[in-house]
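K.L.:
Residues per chain are reported as follows:
2 protein chains.
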Amino acid sequence: MRENTTLKKIAEKLNLSISTVSRALKNHPDISPETKKKVNELAELLEYDPNPYAVNLRTHSSKEFAIVVPSLSNFFYHSFITAIEEDARDYSYSVIIYRSSNDAKIEHEILKSCRHKRVSGIFIAITAETTEIEPFLKLDVHGIPVIFFDKVPEYESCNKICVGDEHAASIVAEEILNKGIKNVLGIFGDKNMSITQARMKKFNEILSDNSQVNIKSVHATSSEEAEALSLSLIPDFLAKKSAVFCMSDEILAGTMKAIQKIKLKMPDDIGVISISDGMIPKLFYPEITYAETSGYNLGKLAFSRMMRCIAGSSFAQTIIDESKLVQGGSI
Amino acid sequence: MRENTTLKKIAEKLNLSISTVSRALKNHPDISPETKKKVNELAELLEYDPNPYAVNLRTHSSKEFAIVVPSLSNFFYHSFITAIEEDARDYSYSVIIYRSSNDAKIEHEILKSCRHKRVSGIFIAITAETTEIEPFLKLDVHGIPVIFFDKVPEYESCNKICVGDEHAASIVAEEILNKGIKNVLGIFGDKNMSITQARMKKFNEILSDNSQVNIKSVHATSSEEAEALSLSLIPDFLAKKSAVFCMSDEILAGTMKAIQKIKLKMPDDIGVISISDGMIPKLFYPEITYAETSGYNLGKLAFSRMMRCIAGSSFAQTIIDESKLVQGGSI
DNA sequence: AATGTTTCCGCAAACGTTTGCGATAGAATT
DNA sequence: AATTCTATCGCAAACGTTTGCGGAAACATT
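Protein chains in written order, with the UniProt record's numbering: chain A, 1 to 331; chain B, 1 to 331.
Be aware that one or more of the hints could be misleading.
The list makes no distinction among identical chains, and a pair is therefore deemed to hold if it is satisfied within one copy or across any two copies.
[What the hints assert, rightly or not] Below are the BS3-like pairs computed for lysine-lysine, each with C-alpha atoms no more than 30 Å apart in a straight line: (1) LYS138 - LYS13; (2) LYS37 - LYS216; (3) LYS38 - LYS112; (4) LYS179 - LYS201; (5) LYS241 - LYS179; (6) LYS261 - LYS240; (7) LYS202 - LYS36.
What the hints contain is simulated information worked out from the structure, not anything from laboratory work.
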């Protein structure tokens, strides 16, 4: 096992002190140009790279961000991560990705590890079962900023970056009105999730304003359940100009299975519209019209908020990212 | 910013030396049971956790694995990561995930970072443009085992865990023969990729043995290209008992778009079969029959290989994971 | 009572940096 | 010629651990 080159080695070869080498490498004004040149050349040759553990031990700063997500099999998180990584690179931070598996215990361990590694900051989408926020506040006490995104806690005074659930639901509802749809089947997710409540409230609100539209809302907690509901309910909707709204990708997947099974054609037999990050909707023909929730945008917003926190802003803020309608041909 | 508790603080409160506290915490036989009890209790109370930077600086070991993948939006890698994380937890290793974005330069930086962090080991699926393997060999010199998976280099003497491309292609071909298909359109990926060559060779080999089957092979490098090819070629196949084989999810997505566009019914109008991790095939009705390449299996195999390496095995090995046919109803 | 064994614990060095401070030389100022 | 600057550099402490070694009791053996 070959050893890494250290300041000490460079110092010995050049007959200098360790401190001089260290300063030369960071372009400290105390060091003469000639010495700097010599040191830099040898460092280059020996492929010197500072030992991050020693640096951190000394300086208490790690120049790395942590991103914690419940799951990775998700286009939305993937594009969020992409956005963060892009920006982080510009500021020469590196990013490490953690996966909580939607398990509060694992999440807690990850947090602890982040604390001890003294990461520079944490971006986190909490698990569905996360109830305590003290651990997060504790991180702030330790000087590690926490930016919540997507799945955020109820707690008020913390930094949250969310997709605009109300806004997404509203542009979907508007589109339904525009198309002159008279019958709507809305399939929503788990009743207890705040995302469900927000999307459903706004959606029903807008469509109820228009007395000519007939709405039926149901809940499904899995793709299979969405499929079963679609199979049993959609046939009743075929008589008149109608559409089904799927609140999420998971539900959309189930509904599409049913539509294929009954051999319905979009948009004539039935319209389909959803809220999505855009991956699933593009697998079908015609492509599904959807309100796009952009993980990428969210990432950009989260990063700039993070940098502000690191710069010293202790002011907590909730930022909402609005989505835009992407036309498929399904409605 | 509150400070973390250190050995020193515990030592002072208990009027002990730092070394005694350290040893007590690791249950060293030199320490009396009473002292151990006192120390452990106070450590618990103060939420002591060793500073990983100090530990690493001292011991040169980090107890963490790195997983490097080109992309995260991929069910296959996701299940690979899941498998590694499960096993790592059992051995109290933690895992950090890096994303190379299919960029050799970024990959190289990640590798450097891994080296300086002295991760305990690296699991990596290399980028399409990775040509040099010296950096990987250098890691081995530094005592960091590297296990390649999925996308592996040509280089012989290294540890590789791959899906059995030949085997997957063969069971797909067998299924085509079983179903009595006479006309086959095979859509393969980029000609230059070894995975394409392996799958195509075996596929054509088996079907050619059977003189009654008529095969046409084409290449597509994107989902859109696959769709275009499907649109133009599939109509010619409708006359007789025929099927299309999609080498990958990307191609399958394009082909399915075309099939929906032409309004064909599976399996009567045309059969569809593919090699996949299983996510995309389940979005359609009927579900697509596919040879399953399991990231999860690969992960388990990779991990046990890794542990053997850490235990000292310098013997390089290539392990092939065979896949199994998952029946949909598409052929 | 003298010696040998345990049992329990502390000293101090080391890992590789960063950084405040002091030291030395020559140059510039009186 | 005595003094003050300035430019360069080195010393040493600190970050929080781990660990070889040695030391002092307490106990057991002659």
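K.L.:
Would you mind marking each hint as holding or not holding in the structure?
P.N.:
Hint-by-hint comparison with the structure:
1. LYS138 - LYS13: Close across copies (23 Å), not inside one copy (46 Å); limit 30 Å.
2. LYS37 - LYS216: Neither: 74 Å inside a copy, 63 Å across copies.
3. LYS38 - LYS112: between (42 Å within a copy, 23 Å between copies)
4. LYS179 - LYS201: within (21 Å within a copy, 50 Å between copies)
5. LYS241 - LYS179: Answer is within; shortest intra-copy Cα gap is 9 Å, inter-copy 41 Å.
6. LYS261 - LYS240: Both: 20 Å inside a chain and 24 Å across chains, each within 30 Å.
7. LYS202 - LYS36: neither (63 Å within a copy, 59 Å between copies)
Going through the hint list in order, the structure does not satisfy hints 2, 7.
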